[in-house]
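Quick mapping for you: the protein sequence lines, in order, are chains A and B.
Residue numbers for the first sequence follow my numbering, beginning at 41 and rising by one.
Residue numbers for the second sequence follow my numbering, beginning at -9 and rising by one.
Don't read these hints as lab results, they were simulated from the structure.
Idealized CB from N, CA, C, for every residue including glycine.
The reader is advised that the hints may include incorrect statements.
Going by beta-carbon spacing under 8 Å, a handful of chain B positions derived as facing chain A [claimed, not checked]:
| no. | residue |
| --- | --- |
| 1 | 95 |
| 2 | 188 |
| 3 | 191 |
| 4 | 195 |
| 5 | 197 |
| 6 | 200 |
| 7 | 213 |
| 8 | 275 |
| 9 | 277 |
| 10 | 290 |
In silico EDC-like links for lysine to aspartate or glutamate, alpha-carbon gap of 20 Å or less [claimed, not checked]:
| no. | chain 1 | residue 1 | chain 2 | residue 2 |
| --- | --- | --- | --- | --- |
| 11 | A | 228 | A | 143 |
| 12 | B | 162 | B | 95 |
| 13 | A | 225 | A | 154 |
| 14 | A | 148 | B | 95 |
| 15 | A | 99 | A | 122 |
| 16 | A | 141 | B | 194 |
| 17 | A | 148 | A | 174 |
| 18 | A | 141 | B | 205 |
| 19 | A | 228 | A | 206 |
Quick list of the computed label-pair ranges, beta carbon to beta carbon [as the list claims (entries may be wrong)]:
| no. | chain 1 | residue 1 | chain 2 | residue 2 | range |
| --- | --- | --- | --- | --- | --- |
| 20 | A | 59 | B | 203 | 30 to 36 Å |
| 21 | A | 276 | B | 205 | 48 to 54 Å |
| 22 | A | 224 | B | 205 | 24 to 30 Å |
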Amino acid sequence: MMVQGLSLSEVEFAYDTVPILRGIELEIPGGQFVGLLGASGSGKSTLLRLIAGLQPVSKGHLRWNGERICGPSLERGVVFQDYALFPWLSVVDNIAIAVGKADPGSSKTGRRSEAIRHLKRVGLESAVGKYPSELSGGMRQRGAIARALALGSPLLLMDEPFGALDPVNRARLQDLLLEVWESAKPRKTIVFVTHDIDEALYLGDRVIILGSCPGQVIADLPVDFARHRDRRQLLESRSFHALRERVAETIAADTLQQLIAA
Amino acid sequence: MTPTASVTREVQVTPVPPDPSNAQGFVPWPVPFRFARGPASAGTTLPRQPQRLLRRLLRLLEGCSVFAALLVAWFIAAEYLPLGDNPLIPAPPLVLRALIDSLPELWAGTLSSFSILVPGFALATTAGIVSGLAVGSSRHLANAFLPVAKVAAPVPPTVYIPYAIAILPTFKLSAIFVVFIGAFWPVFQNAVAGAHALEQRYRDNAAILGLSGFEYRWRVVFPAALPHIFAGMAVGLGFSFILLTVAELFGANAGLGRFVQYYADFADYPRMVAGILYTGLVTWLAMSGLDFLRRRALFWHQ
């Protein structure tokens, strides 16, 4: 029976002989929004690169919808922290490349109008003809989200996409991402790497915490807050604070253990 | 990029007399004003545009200063130094007259030289970019071709001139070949370096978008390598001019190098110096044209 979603079994990864990730076992059902947390150097971004197919695993298997992941694919879109767009192409041309890949039979004008539709969806219609260097960090990340949406990938991998943004822009883009994710039918599966516990809990259905040296899953917690979340209400709620404390303590305990081991 | 404010700001200009005894020993010469932003209290106000004009004028003066000094030194050397009536250093007015008189001949020489330079340089640029990007973005091609390039590239292209003249049917073809060889290697090497230097984030983005083969090279590797390619083209163009003029010394019957050699043979030094100055001007114009292209193409590169 084909398993819908992402499945990681006994995944290991090492740079030369240095182990980075060990024994990663995960099942992420389709349509789930997962926050991936962990201390710096725990291998969160490496795990995301493995899922994206940008790097081969040293051992173990990764499967998406039952098929083994052997390299990058349009099935798996990625949004990086910055520099996602090619600086020599205008914003609309950047998105049009993705549209062309998702629908190779489309005409040039069709791709452009489809790209503009995606830009409107992320509130970037004013920047259609601009170049990435003319945009603010927040606008560039909106462009990156638009490109990922244009690719039409059912699995979206996000590597600290809002990490370089100021708090106001970060909150706006979090809300935009939730709005886009909640309105899509069927919902995309999202793996969202972040350092920010609040962000992971506000966005996710579930948080996975990676421990360091080598990276391994040390906690896998459900985030059961009802959807269509109200940011202020949620962040002030006792259940949110309790979960936040638990996650913070888990990460702090792992960091302390690493310090003692060192 | 922050958009420039469209509001014209005004600056206050306070005349400041030169004061060599101030703390930094700074004398605001040759612009006898010091600009200060703020509300007008005394003195006249200058809008932003004239301020920019003054700055440009100052830059122009600085840029011309060494030229002017060289011209004066030349004039003194030709007119007043006790070198006797030395024909090897013709006075500037003499050279200027020779230049004006020779303009039709120099123009014909320019056309002749460019009929060699343009095809040679264009072929070298095209071949250098295509092969450089192919070799730079494929490990197998790099393993096969880079050892050859390492041996062949350092050979001074001038040594090919006698052989090229011997094996190719016309002088023009030989000269085009030599210009091609001279310009090809810098473009090739820089294109390889540009493709090698492709940042990981661009590789990742291309892989995510499923770009591969020719599409990957055309849409990602080529634009990302353009800063390197233009650096190689600038070196290649400089080499092209050197090789062109050297080749013309060998066997041309027209062209800029030939003009200088011809009048040197007749000891007509005013025309010879005029030819050197004219060639310098043409070279500078060609390099400026390439630089203009570079700035247009690399508007995105900071």
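Hints, verified against the model:
no.: 1; hint: 95; in the structure: violated (44 Å)
no.: 2; hint: 188; in the structure: violated (12 Å)
no.: 3; hint: 191; in the structure: holds (5 Å)
no.: 4; hint: 195; in the structure: holds (6 Å)
no.: 5; hint: 197; in the structure: holds (4 Å)
no.: 6; hint: 200; in the structure: holds (5 Å)
no.: 7; hint: 213; in the structure: holds (4 Å)
no.: 8; hint: 275; in the structure: violated (28 Å)
no.: 9; hint: 277; in the structure: violated (24 Å)
no.: 10; hint: 290; in the structure: holds (4 Å)
no.: 11; hint: 228(A) to 143(A); in the structure: holds (18 Å)
no.: 12; hint: 162(B) to 95(B); in the structure: holds (19 Å)
no.: 13; hint: 225(A) to 154(A); in the structure: holds (18 Å)
no.: 14; hint: 148(A) to 95(B); in the structure: violated (51 Å)
no.: 15; hint: 99(A) to 122(A); in the structure: violated (30 Å)
no.: 16; hint: 141(A) to 194(B); in the structure: holds (16 Å)
no.: 17; hint: 148(A) to 174(A); in the structure: violated (24 Å)
no.: 18; hint: 141(A) to 205(B); in the structure: holds (12 Å)
no.: 19; hint: 228(A) to 206(A); in the structure: violated (26 Å)
no.: 20; hint: 59(A) to 203(B): 30 to 36 Å; in the structure: holds (35 Å)
no.: 21; hint: 276(A) to 205(B): 48 to 54 Å; in the structure: holds (50 Å)
no.: 22; hint: 224(A) to 205(B): 24 to 30 Å; in the structure: holds (28 Å)
When each numbered hint is compared with the structure, violations occur for hints 1, 2, 8, 9, 14, 15, 17, 19.
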